[in-house]
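In this note's numbering, each number is its position in the sequence shown, counted from 1, plus 20.
Be aware that one or more of the hints could be misleading.
[What the hints assert, rightly or not] Listed next, with one range per pair, are the computed distances between beta-carbon atoms:
| id | residue 1 | residue 2 | range |
| --- | --- | --- | --- |
| 1 | 309 | 119 | 29 to 39 Å |
| 2 | 111 | 571 | 51 to 61 Å |
| 3 | 698 | 612 | 23 to 33 Å |
| 4 | 103 | 324 | 28 to 38 Å |
It should be emphasised that the hints constitute simulated quantities derived from the structure, not laboratory data. Every residue gets a Cβ at the ideal spot worked out from N, C-alpha and C, and that includes glycine.
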Amino acid sequence: MNHGEEGDALDNVAYGWTRPNPARSYSEIWWGTIEATQGTWNQAVINNYGANALQWPGGSSRTLRVLDGIPSWQSNNPSVWGSDWTNYVTKVVQTLRAAPYNIQYYQIWNEAYSPASSFWPDGSWADYFNYVLNPTGQLIHQLGGKAVYGGYPSTPTSSVQEYVNQLDTYNAWGNIDVLDMHYYNAWHMDSLRKAANSRGYSKLAIWQTECGWTYDQVYVANNYPRTLYWGLSNQWNAADKYKLFYFVRDGSDNRSIYNGSTLTFHGQQLKELGLLFGGGTIAAYPGVKTSIAGLSGADPVPTNRSIETFSVGNNIIAAVHLAPADYNNNANVTLTFPFPLSQVTTAERVDLTGNRVNLTATGGAATTSVTVATHDASGSSALSWNGGAVSNSEPSTFYVVLTTAGARQANVPYSGGAAAIPGVFDACNYNTGGQNVGYNVASVNGTANSYRPDGVDLETTSDAAGGYDIGWAAAGQWFKYTVNVATAGTYAVTFRVAAPSAVTNAFHLTSSAGSAATGEVSIPASGGYQNWTTVTANITLAAGSQALTLTQDNPGWNFRWMGFGPNKAPFGGTPAAVPGVVEAENYDTGGQGIAYNQTVNGGQTAYRADNNSAVGADASASNGYCVGSSNAGQWLRYTVNVASGGAYTLGFRASSGATGGRFHLQDERGNNLTGTVNIPSTGGWSTYTTVSVSGVNLTPGLHVFTLMEDTSGFNIDSITFTAPLPIGHRIALYSPTAGYYVSTDQTDSTYLKASLAASPSTWEYFDVRDAGSGNIALLSEQTGKYVSVDMNQSSRVLRADLGTTIGAWEPFKWVSLGGSNVALQATIDSDYVSYNPNDVKRLEAQWATSPGDWETFSWMDLGLH
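Please model the entire structure based on the sequences and the hints provided.
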C-alpha cells in the first residue's frame, strides 16, 4: 500500500496507530458487506480486512477495527438481531484475532449525542447498550480481544458527562477496555480519565482516534503537542493506556489526502511534525520558563495559552501557544531553558508551514535563553500561523527547537511524563540520566536491571501486584523522581517496603521545590526482603513540577512504590484492624473531597464532628449508626492496617428500602478489589443483609480503601474482613501479656513457653498445616513434630515432641481477634490456649472457654515455607 508523504509521516509523529479510511484500509468492517444476504458469509472479504491491516507500518496489531454497518435485510432495531449479530461479531473477531493478523482491538461504534448517527438507526440508548455494547464487549473478551467504546462528543462541555451518564446507567464500565474520544482533545481526555478513576476503573485505556478529522487549520498544531504532553504526563508508554490516532480520508472537502501526491494543510503539518518529533525517544521536559505571564506550563484546555516542552534525542522542542492578545500586543516571547549555553549548537523557530528561522541563543553556565519576535520592525507579522490566519478563538502555535551537544535526558521521568500527585508511582521508574543525575549508587547490583536501559539495583518483586523493586540499599544512595503536584499542601505519603529486621532511620524524602522533607522514616521488621508492608510520613509540597529525592540512610530494606494522598487521618487516630469489622460511619477524618465525597444532603443525625450528613442513627445497625443517602459518584475512605496478606472474604452489611443498589471497593492505587457488589431490596432501610465477596487479595500493611457508590438505593452498616487461614506459611507467635515469643523449649520436654525469646528464630518458627474441617496444625521447625495438647497431663500443656502426624491432639481452631491478634482453640477439649504465668510460663489448654489477655497472641507472617 502506498502511504504517500502523509502516511509515512504518521510513525514519525508518535501516532503510530491508525484508524484509516474504510475505503482504502478497511477500518470499518461493515456487516452488510460480509453478509449481504442473511446466512451467506463472504469470508474472503474478512480476510481482505486482515491482509490490508498487515501492510500498516508496525504491523496489523497497531490498527483498530470498527464493528458497524447494518445489512439491508436486517431490522434497524437491535433488540431483534439476536444470533445474527452474535455470528457477525464472532466470525470477524475469530478471524482477525488469529494469526497472521493478530488484531486485538475492536471498536463498538457509537456517537454520543445520537446513536442513530452511529449506524444504529434505532437511536435508543437502552437498545444500544443492552443489545449492542454490553453483550458485544463480553463476547469480544471471550474471543480474546479487547473492546473499545468509541464516540463523538456533541459539545466540548457536555461530552464527558454524556459518556459517563450512559456508562453509569447501563453498568457498562466493566465490559470495555478502552474509552475512545473522537477528534476532541486532551482537555476531554483528562476529564474522562478523572471520571473513570472516580468509579474505580483507573486501568481503562483512553484513546483519541480522529485527530485531524476537522476543517480547522490550527487544530493539529494546537492540539497535537497538548495531547502528547498530557499522555506523557500520564505514563503514555504504559501498555495500551493512551493512544493518539490520525484518521484521514479521501474526499472533495480538502481534508488530508491519504494517498495523494499533493500535501494538504494537514499533510504539511504532519510532515513537519514528523521532522520535529521523529528524531528519537520523546519525553516531557519540564522546567522551561517564559517571559509572558500565564504562559508557564502545559495546559490541556485548547483555548488557553500554554507551553509544552519535550526532549527528542539531542533536541529540546518547546510548543508555544500564544493568545490573539499576545500577538496583537506585539509581544516578544523569551524562553529560558535549564541547561548551559555551552551545550547549545543551534536554535530555530519553526512553524508547521515549513518555515524555519534561526534564533540567537544567550545565557551562561546554568541557563540558555532565546527570544521570538511576533512582529518585525515595521510592525508586520514575523510569524506564519500553521497554514492559516491567526485564530480569534484559539491560541496559535509555533515551535522553538534547540539542538544540544548531547541528549538532554537529565532528570527526565522514565515514564516520559512527571508522576501525578496525588497518585502512586513505582520505585523502579526513577528519572533517566544515569549515575549522579537520575540516581546515585555506590555499586551496581540487581537481578532485573534489563527492565530499563539504565537499570540499577532492580529485582522482580513477589508483591501481589507484581513488577520490580529497588534493593541493595546503602547509606548515601539516592533516586530522583520528577512529579507534578496538582495543589500545594501537606500530603500523606505511603511507602511500600520490606525488611527482614527493623531498620531505624531507613530513608528520607526531599523536594527540589524547597526545604520540604519527610524527616527520617523507619521500617518495622516484615520478616524478609519480599515480605511487604507499608509505612507512612507527611510532606508539604508546592504546586507544580519538581523533583523528589529519596535518600537511603541505612541498609537492610527494599522499596516497591510510594503513594501521595490528602493529609487525612483514620477515624479515632488508629487505622482499622484487618481482619476485623470496619464500621461504615467510621470513615477517615479530613472532610469533603478528602475523606469522603457527599453530593446528596441526607440531613442525618450528627454522629461525629465532621459528619457528612449521610450518617444516621439506626437501632438495627451494628454500632447504632449507618451511612445512607447513597448516590452515584459519592465515596468514603477508610485507612486500615492489614495484618497479613491473602485472599480475604469481605462481608458488606447493607439494606435497601428501594430496588437495591451497587457499589465497589478500591485500593489506594485505583484497583477495583471487589468488582460490583449488588445489594438487593431488603424490604426496608433498617432490614439488613450481608453480601459477601470472596477471594479479595490484600497485601499486608497500611492501605486506604475507598467505598465507591455506583448508584443510589442502599444504606451501608459495616464491612467485615475475614482473613484466610495461613496454610503453608511460616509464622511466629508473640504473647503481648508475657512480652515474649512462643518457643519450643528443648531443655524442658519441648514444652511451648513464652519466656525465652524477644525476637524469633528457629525455636520460634512454626509451619501452619491444614488439619481439615477449617482447622490448622502447627509444625515446630525445631523438632520437626506437630504441636500437641498433652491430654495425659492435667495441665493440658502444649508440647512439640509427640505428633509425627496430625491426630486428635494436634488440630486447633484459628480464631481471629482483629488485626494481627489471634487465639487458638484446641479441638480436643474446646479450651483456648493460654499463656500461664503461674506455671513457668508454659502454654496450656485447660480452662479458658473464651479468649482474654492470656489467650491473645500476635502472629507474624514469615512467608510461604
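Tested hints:
For the pair residue 309 and residue 119, the supplied restraint of 29 to 39 Å is violated, since their beta-carbon distance comes to about 52 Å. The beta-carbon spacing between residue 111 and residue 571, approximately 59 Å, falls within the hinted interval of 51 to 61 Å. Between residue 698 and residue 612 the CB atoms are about 28 Å apart, so this pair conforms to the stated range of 23 to 33 Å. Between residue 103 and residue 324 the CB atoms are about 51 Å apart, so this pair departs from the stated range of 28 to 38 Å.
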